[in-house]
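**Q** Following the hints, position chain B against chain A.
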Amino acid sequence: MKGEPLLALLDVNFQVVKNEFFSIVGPSGCGKTTLLNLLAGFEAPTRGELKVGGEAIREPGWERSVVFQEYALFPWYTVIQNIRYGLQRKRVPEAEQRRLVDHYIGLVGLRGFESRYPRELSGGMRQRVSIARALAVNPSILLMDEPFASLDIQTREYMQDELLKIWEREPKTVIFVTHSIDEAIKLSDRIAIMAPRPGRVEEIKKVPFERPRDPTNPEVVGLAADVKLWLRQQVFGSKTE
Amino acid sequence: MNEASRGALAEADAMTQLAASMVPPPKPAWRRALTRISRLWLLAAFLIVWELVSIFGQRINPQLDVMLPPPTAVVSAAVDLIGRGVLFTHIFDSLYRVVLAVSVATLLGVPLGLAMGWSRRIRAVVDPLIEFIRPIPPLAWIPLSILWFGIGDVQIVYIIFLAAFFPVVLNSLAGARDVDTYLLRAGLSLGARRWTLFLTVVLPAALPQIFTGIRVGLGIGWMALVAGELVAAPSGLGYMINNARTLFRSDYILLGMVLIGILGLALDYLMRQAARLAMPWHVGQ
Chain A
1 MKGEPLLALL DVNFQVVKNE FFSIVGPSGC GKTTLLNLLA GFEAPTRGEL
51 KVGGEAIREP GWERSVVFQE YALFPWYTVI QNIRYGLQRK RVPEAEQRRL
101 VDHYIGLVGL RGFESRYPRE LSGGMRQRVS IARALAVNPS ILLMDEPFAS
151 LDIQTREYMQ DELLKIWERE PKTVIFVTHS IDEAIKLSDR IAIMAPRPGR
201 VEEIKKVPFE RPRDPTNPEV VGLAADVKLW LRQQVFGSKT E
Chain B
242 MNEASRGALA EADAMTQLAA SMVPPPKPAW RRALTRISRL WLLAAFLIVW
292 ELVSIFGQRI NPQLDVMLPP PTAVVSAAVD LIGRGVLFTH IFDSLYRVVL
342 AVSVATLLGV PLGLAMGWSR RIRAVVDPLI EFIRPIPPLA WIPLSILWFG
392 IGDVQIVYII FLAAFFPVVL NSLAGARDVD TYLLRAGLSL GARRWTLFLT
442 VVLPAALPQI FTGIRVGLGI GWMALVAGEL VAAPSGLGYM INNARTLFRS
492 DYILLGMVLI GILGLALDYL MRQAARLAMP WHVGQ
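If you read the sequences in order, they're chains A and B. Following our numbering, the numbering of the first sequence begins with 1 at its first residue and continues without gaps. Following our numbering, the numbering of the second sequence begins with 242 at its first residue and continues without gaps.
If we strip away everything but chain B, and leave its shape as in the complex, we get:
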């Protein structure tokens, strides 16, 4: 074997090793779970610091008891409210309102957005109206909607609907409008017309954007829900927070805030899973 071929062999060997090192052997499930949990160290550190600050801070300033209850107090507040049977009622009422409102926004907004994206004529007529109403913050509707619907589910659902409707419409519109010309042409040249073209090309092509719109709508709707419940509501997490404020129960306030965060995250997670199930061909998300 001469020098050159030995060199080539060594190089090939090095390449194999490089390739092998680029594909790590699959780790066992418990190792992966451990890796995942270990990424939460910053969150854990935050909670510990919070706990320490509020416990030791109380010795210096007793007001901190009310100003900043420790995480453990939030947990015991949760146990307390679950024991009295009210916590799940608040959670359920809030979830019910947001799911109902976003469903209505989806049922109305997706067809409208798709129609606007698909037909330039419809877009030209509807767009000015949409652009007129859209910049008004949903919260600015609260006083009027209380006059219309009174304080209750309908009024809050209406506010959430307004918040969720526009992102749903605009994303569906963009999805239907920006369908790849070549996909439309492929459909046309294979004999698809109007409705078939719409159902087999435009709708699936717009689906990722539609899901994005619903996700954004859900996120904004969730914020509008809490704001709406803070102002006026007979129940719900926003109501719980506001009620706790009048009672100086800052542990309930914090519990409400944490729950709103967690539930918002959970709703978004569910939407992402739904999108993955509905679009097995789609990468990303």
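Chain A on its own, in the form it takes in the complex:
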């Protein structure tokens, strides 16, 4: 890395409860991806601490598995081999591996594609493999870094519904980074709104509506408008409405 050291995050402080769907939104450069990298253990904080269940995060591991924007599937492994990867690292017994892989292939709806290589799948299908791979290791937190940002809008909405279904069937703590406020409102229990320079959590909003949420519902529209207006003021510093 060249240039001046950058203060990416300052005084970020929040707690996520078990089985909560927690989103982090904010404009580019607000440090939301840095925050996720800290949680995953890819980077270490210069100061402060991140804890999961009382244990400080020291390095990456399957207890905090990650779903990446660009899927990050291993191109040399088939769908099955990709999903099994973490189970092998965990030294799960062979029979149990097979059972779990089969279960998650069913859960994400990829039956019939078990022996395909990632390049033979569409973007949405790849992301489903990636979700299955991250869930199979039974993490205490599922970290998702703009997982649907590279998908076209129809696939994206479909995948959001699918993710909610999976999450409702098998509750899991999810930390979900996105730059789409609508996506965050559709999915989350709470939303942390971040602001840039230096990156910080400006506000944490509860989303009190029952799922499935109708994006045309006046209350939902109102909340989205609030957050968007607020963010625009943060980014452009103007008080336009």
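Hints in this document: simulated from the structure, not taken from any laboratory. Please note: incorrect hints may appear among the correct ones.
[Unchecked claim] Just a few of them, taken from the derived set where beta-carbon distance is under 7 angstroms, the chain B residues facing chain A: (1) 274; (2) 432; (3) 435.
[What the hints assert, rightly or not] What the simulated footprint calls covered on chain A by chain B, stretch by stretch (three residues with Cβ under 8 angstroms from a Cβ of chain B suffice, anywhere in the stretch; the number is not a length): (4) 62–73; (5) 80–89.
The beta-carbon is built from N, C-alpha and C at its ideal position, and this holds for glycine as well.
**A** Frame of chain A; chain B shown alone:
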């Protein structure tokens, strides 16, 4: 049916036809073979022109008999040398040397390159040495290597090894160094460490580049082989060419040249097939 819906239907129909025209029905195998052969017309024309020039040219200038023997003479030279049992010995000796040398270059170069790509510390130490030796053309080593090893297989294998080693090392290095950060992170977050991470992520990610390095090494090694055999060798295609020169047998010279070209092509083809077998997931090549 009103005008608009008729228009829409016609459009849909046109789309179907367009889609159909974009996927041509599979041609029978003999048609495909024929198409493939018909692409060789320029090569065929070249051979015919060559044949005509050297046959009719000889009437104007008899020296052309030696200067440029026709393709048919090259073929009969091949029949002649096969009949005397020497041609396959030369081919075998050359192939043996290049395969041995490139194998050694692969066995040493791939691990070294991967280690350099994987560890910045190893790279920092080894890189200056590599960059010091690499710019010396392999052929410049010939006089010294003759002093060291005498004229024979060992000396030529050493020259080919030098030629093939560096492309193998540098490509393996690049392959291991440029592994997608997200794949490494995916491996880490799923619990892979050190050796497992290396074997399950770095090595397969570098494999296409490793194969490229071996292919380039094989190509350069093949050239170095011929050059080495031209200078000093007890056998081989390069030796055959040089020997033919002293005998004014330009048909043997041309035969040697053509064989070197064909065998080089064949070796590269074999490598590409090996790469396809080893990396069924990989597109391209």
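**Q** So, as I understand it, the hint says residue 435(B) touches chain A; can you test that by seeing if any CB pair is closer than 7 angstroms?
**A** violated (12 angstroms)
**Q** Are there three or more residues in the segment 62–73 of chain A whose C-beta lies closer than 8 angstroms to some C-beta of chain B?
**A** holds (count 8)
**Q** Interface hint check: residue 274(B), Cβ to nearest Cβ on chain A, cutoff 7 angstroms. Holds or violated?
**A** This interface hint is violated because 29 angstroms lies over the 7 angstroms limit.
**Q** Count residues of the segment 80–89 of chain A with a Cβ under 8 angstroms from any Cβ of chain B, then say if the count reaches three.
**A** Result for this restraint: holds, n = 3.
**Q** How about residue 432(B): closest beta carbon in chain A under 7 angstroms, or not?
**A** holds (3 angstroms)
This entry does not satisfy hints 1 and 3, going by the numbered hints stated previously.
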